Amino acid sequence: MEYNFLENEKKWRKYWADNKTYRVLEDSTKPKYYVLDMFPYPSGAGLHVGHPLGYIASDIFARYKKLQGFNVLHPMGYDSFGLPAEQYAIQTGQHPAITTEANIKRYRDQLDQMGFCFDWDREVRTSSPEYYKWTQWIFKQLFNAWFNNGTQKSERIETLIARFEENGNASIKACTDYEESFSDVDWKNFSTNEKENILQEYRMAYLADSWVNWCPALGTVLANDEVVNGLSERGGHPVEQKLMRQWSMRIKAYAQRLLDGLETLDWTDSIKEIQRNWIGKSEGCSVKFNVAFDTPTDAFDSAQSAVGVDRGLSGVEAHIEVFTTRPDTIFGVSFMVLAPEHPLVDLITTPEQKETIEAYKKEASLKSERDRQSDVKNISGANTGAFAIHPFTGEKIQIWIGDYVLASYGTGAVMAVPCGDQRDWDFANHFGIEIINIFENVDISEAAYAEKEGLISNSDFLSGLPIKKAMKLAIHKIEEAGIGKGKILYRLRDAIFSRQRYWGEPFPVYYENGIPKVLDDKQLPVILPEVDKYLPTEEGEPPLARAKKEAWNVSQGERMEYNTMPGWAGSSWYFLRYMDPHNENEFVAKEKVDYWQNVDLYIGGAEHGTGHLLYSRFWTKFLYDLDYIPFDEPFQKMINQGMILGRSSFVKMINPSRISTTIVKRPFPIFVSNNLSITLNQVGARYVHYLFINQEIGIGLLDDDLKIIEESELNENEIDSLLFFGSQLRQVYPNEPKIEIDFDFLFISNHVEIAFVENDKLDIEAFKKWRPEFKDAEFILEDDGTYICGHEVEKMSKSKYNVQTPDELVEKFGADTLRMYEMFLGPLEQSKPWDTKGINGVHNFLRKFWRLFHDKDNNWAISDEAPSKESMKTLHKTIKKIGEDLERFSFNTGVSTFMICVNELTEQKCNQRQVLEPLVVLLSSFAPHITEELWHMLGHEAGTVSTASFPKFDESHLVESSYDYPVSFNGKMRFTVNLDLSMSVPDMQKEILAMEQTQKYLEGKEPKKVIIVPGKIVNFVV
RNA sequence: GCGGAUGUGGUGGAAUUGGUAGACACGCUAGACUUAGGAUCUAGUGCCGCGAGGUGUGAGAGUUCGAGUCUCUCCAUCCGUACCA
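Oh and the first sequence: position 935 is 934 in numbering that gives the first Met the number 0, straight run, nothing missing.
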């Protein structure tokens, strides 16, 4: 009998669990190391082979650090609030807590079978009241804090109130959009209501009317990072802008620190860059341009509050404030552009232009966010007829509106410098506006010059200056003239913090006279109340509004807050709770967080770049500012593991059933790619591959090799045919025009369960049995009479039938094999398609390893004799390499190092304890089960291999006396020669020159040069 | 458009500081063994060529005694982002 993977692995997992082998306690005598995985959302589908990839890597590393003598914190938990459980609850009425519990159980079983060394006593679940009590508590801290721009730190709100009482808000530099000023006397005279409204303008967590991403299909608002291409990240539903009263987090306050902190982190450049772009810092200055116009209009009053409009002596004067990063180009301004929504537009438009402007505004407002995005190339705009005055030249400048200027960024207005900005150049070119060149010796007849190198000319006091110097001087002059200020703008918006959903943390907030108040600490947690349905009320209130008064464990004021917190609330601080998961008095005890500090190694996907990773950095900095924790970055080093992709198989067929389908008709009738939607769910098709519809000739199939016609290549006379290709299904917008079409047949491709396909050949009968709705379909035949199956490599997903679960592989090969195989696939960070072809190689390696300890008949065959020099060399070479590989997280080469080692030892017939025992320890982080078994067989009956010490590397075993020198001629390697390493360079040269082979390659010539690098190479230049 | 990453055999991938390209594994070819097992062992396997030899890391140039590795230009693929003034 050989090693029985299944039985032994089970035995040891039970042993580890029974003995709490992986329990971790604080130990001040040992250095700490914190290895963390991004905790999973426990979905109903369970784990697939891609999930454990990062967990295996972190587990290997955690075990390695343990062997090195570190006290390693390596916990696991669940991000268990979230949409899928709630959607399921809406459909079935089952409480999301029940679904979640069941899913967690399944996850736990799957995680356990991998042999991970998690300390399960430290498990956290974001949806458990013991945990979210402290999420609510942290919210309270944010509510009761403001951001001091002077110190760049959050402070408690009391310090702000004290300063209001003393001096009003005049001297306060805070992160706020509040612009009015009040004195100490004013403050004292304000009503409670007024005071609270002002405080809301300063609090880190605040309630405000803001433009939010509203997703009608999900019935909730979404954060910017949850919206992808104008659709919701989850579900792909359309998202619209809506003004709503919502909780927000003043993350903007931390923009600069979030940017600076990146420098100190050991993260990949790409993630850092994603965060930098998201924060979007631009340095520049504001400039005011005066506008003169004669006729005051009705719009005046409303505009007055929104923009700076003053009644001047002669009629009405207004100014347009712009933000620019290129103040040096101010003399190149030849027009201005306002966003169509800019409040000044109505005010300044001349009567002659009124109609044009109105039409353009209407057109712009009808365009959805998506259309606007896909329409970037088209230049559009309209002239208001009004003029601004250039602050330095005094010249009149046309004022236009155009939708390339966004109302939501900066001031919603730009000074257009066509010579220095391509968009401005395009706009000027399109509308025939003057282009002034202010760059010395630069040709701008074809395109704008956007470089920041060169000299400015034709610009009064800036002429002759290099661009960078001119920027500084321009800001100085602008400030001196009192028409603007140097300014830094960030793209980062405050984060909307409330969701109109059920399955999330309730806020620790109640309302009194309409004012939101936070509960006392003693009253926490506010437990998620029971409701009759997980849907909004008839009045459109969030589901929590359904809860009866008695259903709340805390009920105060007129009502409780009905919103719940977003998914990122619980995940923003969970790494802290692992340090002290059962503390009922604090979110984490000071001495625990002082001991464990921040996460040393964080492993997880790269898709959280703008969400979780930004938010948890924000909360960490905040908690640091309030002195709750001793560090201000949560994750020191991070590795983003690549995705494991699945191989999806498709079958191609013609469906004979006559199907009526709704097709969305867009304004133009020719479609290529994804511009067209088709709702095919009713026929079960998940992909439409090729479909050709022509109203003249009916509906037909496209050939596989049909060239896809680009929109621009189409002839006018083809225009009333519809054509589309390879579209992925998406939701249809409610207001999209539709046409009804009857299909005689559809040529569709369908995902096929892996089990029915082998080498792209389909088992047709099995398939028809599995999907009876296609039993009459006509399948496409290959020339050899087999059924065509295509395949593609995609993300693993239940709906694509390409999921490989770890369970079956563990059952077949054992967890050690699966662990090592996943590592062996390639570099951790790289995405790679899943393929089980090679798994045998790893499995055989483990069996071969086992055989080192046993004879042919599987009898224990370990000897205590001294090993050969060779075997010691192999061992120490391996110790060195494994250490190096792990330090640089090169797990794949680690596996191959072990393979080389075992191959060598097998060849040497090595069975000595002195070699094999250290090897067991070395391998134990990769394959914990088999090594535990061997460790015990080696006589360590009481202990476990996880508490052994990492073998010491001894250089002396690797010392060589000679080396095989590669000898090259002109860089081309010809042969090798074994020479003593102690030989001097001249001796070596003499010896090599004397060789027959050398003479042959020299062809009788004298070498021009001989390069000898001792211990490396020999090269002749001929 | 911009930003990031990646391009090496039939396949996954090695080559860490510029120094023998293709480690290790899969697959394949031929053979041995028989306890018929997802077993083991031996030999071979980048490409062209019978061979000597030539050639070879997406393409092209450059630096160097020497380049997969450094520099420049270009191409392809993937990911992120998008009128941010």
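Derived by calculation from the structure, the hints in this document are not laboratory data.
If you're wondering where the values come from, they're calculated on a predicted model, not measured in any experiment.
Check the hints yourself; a few may be wrong.
Stated by the list, open to error - Quick list of in silico lysine-lysine cross-link-like pairs, DSSO-like style, CA-CA up to 27 Å:
id: 1; residue 1: K836; residue 2: K794
id: 2; residue 1: K836; residue 2: K847
id: 3; residue 1: K104; residue 2: K139
id: 4; residue 1: K951; residue 2: K880
id: 5; residue 1: K152; residue 2: K139
id: 6; residue 1: K989; residue 2: K999
id: 7; residue 1: K1015; residue 2: K999
id: 8; residue 1: K29; residue 2: K847
id: 9; residue 1: K241; residue 2: K532
id: 10; residue 1: K172; residue 2: K187
id: 11; residue 1: K152; residue 2: K104
id: 12; residue 1: K989; residue 2: K10
id: 13; residue 1: K271; residue 2: K287
id: 14; residue 1: K287; residue 2: K139
Going down the list of hints, with the structure as the test:
no., hint, result
1, K836 to K794, "holds, 19 Å"
2, K836 to K847, "holds, 19 Å"
3, K104 to K139, "violated, 32 Å"
4, K951 to K880, "holds, 12 Å"
5, K152 to K139, "holds, 17 Å"
6, K989 to K999, "holds, 16 Å"
7, K1015 to K999, "holds, 22 Å"
8, K29 to K847, "violated, 36 Å"
9, K241 to K532, "holds, 25 Å"
10, K172 to K187, "holds, 20 Å"
11, K152 to K104, "violated, 42 Å"
12, K989 to K10, "violated, 64 Å"
13, K271 to K287, "violated, 35 Å"
14, K287 to K139, "violated, 40 Å"
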